[in-house]
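Peer 1: With the hints as extra help, turn the sequences into a complete structure.
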Amino acid sequence: MSDCCTSAGGLTGDDDPGRTRAHDASCAHHSDHAAEPAAGDTRTRIALIGSPNAGKTSLFNALTGLRLKTGNYPGVTVTRSVGRVRVRPPSVRLTRAGNTPGGRASTVHRHVYLEDLPGTYSLAPISPDEQVVADLLAGQLPGVARPDAALIVVDATVLERSLALIAETLGLGIPVAVALTMSDEMERRDGHVNAAALEDALGVPVRAVIGTRASTLEPVRELLADPSAWPRPVVPPPAEPGRERADWVASTLSEAGYRSPRAHSRTTAVDRLLLHPVWGTLAFLAVMFVFFQVIFTVAGPLQGYIETFFGWLGALVADHVSIPLLADFLGTALIGGVGGILVFVPQIMLMFLLISLLENVGYMSRAAFLTDRVMSRAGLEGRAFVAMLSSFACAVPGIMATRTLPSSRDRIAVAITAPLMTCSARIPVYVLLIGMLVPADTRFGPFQAQGVVMFGLYLLGGISAMTAAAIFKRSRSLRSDLMPFYMEMPPYRVPGIKTVLLTMWDSSKQFLQKVGKIILATAIVLWVLLSLPAHTEQAQAIHDDAVAAALAEGADPEEAEAVGEAQSRSFVLDNSIAASIGKAVEPVFRPLGFDWRIDIGILGSFAAREVVVSTLGQIAAAEDPESPETALAQMRYTQGPHTGQIVFSPPTIVAMLLFFAYALQCMSTVGAIRRETNSWKWPLISWGYMFVLAWVAAYLGYTITAAITG
181 MSDCCTSAGG LTGDDDPGRT RAHDASCAHH SDHAAEPAAG DTRTRIALIG
231 SPNAGKTSLF NALTGLRLKT GNYPGVTVTR SVGRVRVRPP SVRLTRAGNT
281 PGGRASTVHR HVYLEDLPGT YSLAPISPDE QVVADLLAGQ LPGVARPDAA
331 LIVVDATVLE RSLALIAETL GLGIPVAVAL TMSDEMERRD GHVNAAALED
381 ALGVPVRAVI GTRASTLEPV RELLADPSAW PRPVVPPPAE PGRERADWVA
431 STLSEAGYRS PRAHSRTTAV DRLLLHPVWG TLAFLAVMFV FFQVIFTVAG
481 PLQGYIETFF GWLGALVADH VSIPLLADFL GTALIGGVGG ILVFVPQIML
531 MFLLISLLEN VGYMSRAAFL TDRVMSRAGL EGRAFVAMLS SFACAVPGIM
581 ATRTLPSSRD RIAVAITAPL MTCSARIPVY VLLIGMLVPA DTRFGPFQAQ
631 GVVMFGLYLL GGISAMTAAA IFKRSRSLRS DLMPFYMEMP PYRVPGIKTV
681 LLTMWDSSKQ FLQKVGKIIL ATAIVLWVLL SLPAHTEQAQ AIHDDAVAAA
731 LAEGADPEEA EAVGEAQSRS FVLDNSIAAS IGKAVEPVFR PLGFDWRIDI
781 GILGSFAARE VVVSTLGQIA AAEDPESPET ALAQMRYTQG PHTGQIVFSP
831 PTIVAMLLFF AYALQCMSTV GAIRRETNSW KWPLISWGYM FVLAWVAAYL
881 GYTITAAITG
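So in the numbering used here the end of the sequence shown lands on 890, straight run, no missing numbers.
Keep in mind the hints are simulated off the structure, nothing from the lab.
Because the structure is a prediction, the values reported are computed rather than measured.
Every residue, glycine too, gets a C-beta built ideally from N, C-alpha and C.
It is possible that part of the hints are untrue.
Said to hold, decoys possible - Below are the BS3-like pairs computed for lysine-lysine, each with C-alpha atoms no more than 30 Å apart in a straight line:
| no. | residue 1 | residue 2 |
| --- | --- | --- |
| 1 | K689 | K678 |
| 2 | K861 | K697 |
| 3 | K697 | K763 |
| 4 | K697 | K678 |
Unchecked claim - Label-pair restraints from in silico Cβ distances:
| no. | residue 1 | residue 2 | range |
| --- | --- | --- | --- |
| 5 | E367 | L864 | 28 to 38 Å |
| 6 | G323 | I677 | 36 to 46 Å |
| 7 | R401 | P457 | 43 to 53 Å |
| 8 | Q819 | P457 | 47 to 57 Å |
Peer 2: Take a look at the structure:
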């Protein structure tokens, strides 16, 4: 969906917190809809720039038809994205009726490239994402040609602040135009700006855009058709800050009839509560608490429907697939493995929906402001919270969001601690284990106990990430002075339903694609490891003996056959390649209460956390295809001091929850840390300290819970 260019965030000799390395264009990944122009492509390239929250990405989506994530706080858009805009050639002009002068509707179109750049307040960069903008507009981005023109998106409600960026861009000597957004909100708040007068004052084209209203987008499309024809100011404004530029800004505002809008009354009233150091913090915790209550209470029934569907699908396979090996593969690897993860899609979609709502309403920047005091105690600033919060969905975009931080030491400290935040990949694991630990009907007062436990795990992840960041920031390698923090507080806005739903779907689709690739591949490998060697003769002998014993005890033939099949499968499972691997590493995890079957899931989970659910689902389905949930709950130790006891006892479940809360079990995250720090040193440190932390926490959790429960 976007072409992503990472920054090199590694430390150099004398680390200058404000200095960034040259941007590497070779890391770009392009989609079919947003491909980078080929070397010989002569079509016009226009850079789309503007400050955060100005509506830049929404305008880009509307013009190109792409769907990119938007938000109301700096740091969401940290990539450069290229899309094609269909325009009419300059020679084709529409009349008021929408026809060409000859009276026939025009069908002649061509395309120009529009490039959405990270939000920036200035072309004097202090962070890697702002460096991208400055380098591209100056033609200094390796491997990427300088754009032919720049379209600056300006929020009318803060026009005075945006004029500095316009002045700096005009000083580059390329054609410039302005898209003026939020003018309708400006009028509602008794402000005023005359777009035509602003165009005369600036000497460049200005077009007012109201949301994604088609009638206001068409003039922008017509403008993009021929940037070479855009007028330019006779004398460029002062590009450097100082008295001359201040006078130019005042003169421009005066000529445009600018009148500052009054304060957003609703925003001001709400912020008295939400930005209060005490009440605001309590409100934040309440929002997060309700967040997880909703995930469990609303998603529960939906999850039940999906479980019913996969149960029906498994029975269908058993009844209609006559080839035993194929039936076992479909029922165990696919339905028992991948299907076991898809059951948790409702929780994941709900989480993305709620995060999207909070972002688009404008609450996230308030949360960053509130946590600035906490972050400063960890040696970081409020902008670091944006990266941390992004990691709730996935650690990879959270790590990428560290590019908004001016200090490279801060970027590394956040990148190696952000994976401690509870990401969506942990949800299937948490939901499975919490469901086994806490009965669904258990409540703490009016609240569902499962949701309370989930909230506690998310809180644990946040506190742990902050604590780890504080420790690393006090180390000699990452110690640095605290940078000044500033953040724009956008007014609260009612989010568009389409925007929220598309954001939710795009994020959920990425999870499903991950299931379709990593989890499916892992499920197939695990099925092979769990099924080989087949021990056909021994398995058949055990099957026959079990059937005979069951018949002798008075069981009917169907029940006897089920008993024989279960014991045969259990024998193959206990003597499989996977069992040998799990038993080999069992001494490492035995103090945590894990047996070899859990160990196999743990090993697989270091590629992706969700694999443990797939693995346990396969093992349970292999032991009892008719009721894998029952098999999982009744699973017993087959060797060691706990032989015969239930595996998933409260101490073991608590140990697993804590292990997954801390361990770095995602190769994509390791790769992201490697790219952002430009070194293998920090990913290895991250994996190492998080594994030790996970093992120690799991051991303590197992020991304490065992002492309490007896």
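Peer 1: Could you run down the list of hints and mark each one as holding or not?
Peer 2: Outcome of the hint check:
1. Using a Cα cut-off of 30 Å, the hinted pair K689 and K678 holds, with the two alpha carbons roughly 16 Å apart.
2. Of the supplied pair hints, the one linking K861 and K697 holds, its CA atoms being roughly 28 Å apart against a limit of 30 Å.
3. The straight-line distance between the Cα atoms of K697 and K763 is roughly 28 Å, inside the 30 Å bound, and the hint therefore holds.
4. For the given pair, K697 sits about 28 Å from K678 by alpha-carbon distance, which is consistent with the 30 Å threshold.
5. In this structure the hint that E367 and L864 lie 28 to 38 Å apart at CB is violated, the actual value being about 56 Å.
6. For G323 and I677, the hinted distance range of 36 to 46 Å is satisfied, since their beta carbons lie about 39 Å from each other.
7. Taken as a hint, the range 43 to 53 Å holds for the pair R401 and P457, whose Cβ atoms sit roughly 47 Å apart.
8. For Q819 paired with P457, a C-beta distance near 55 Å keeps the hint of 47 to 57 Å intact.
The earlier numbered hint that this structure contradicts is number 5, and it is the only one.
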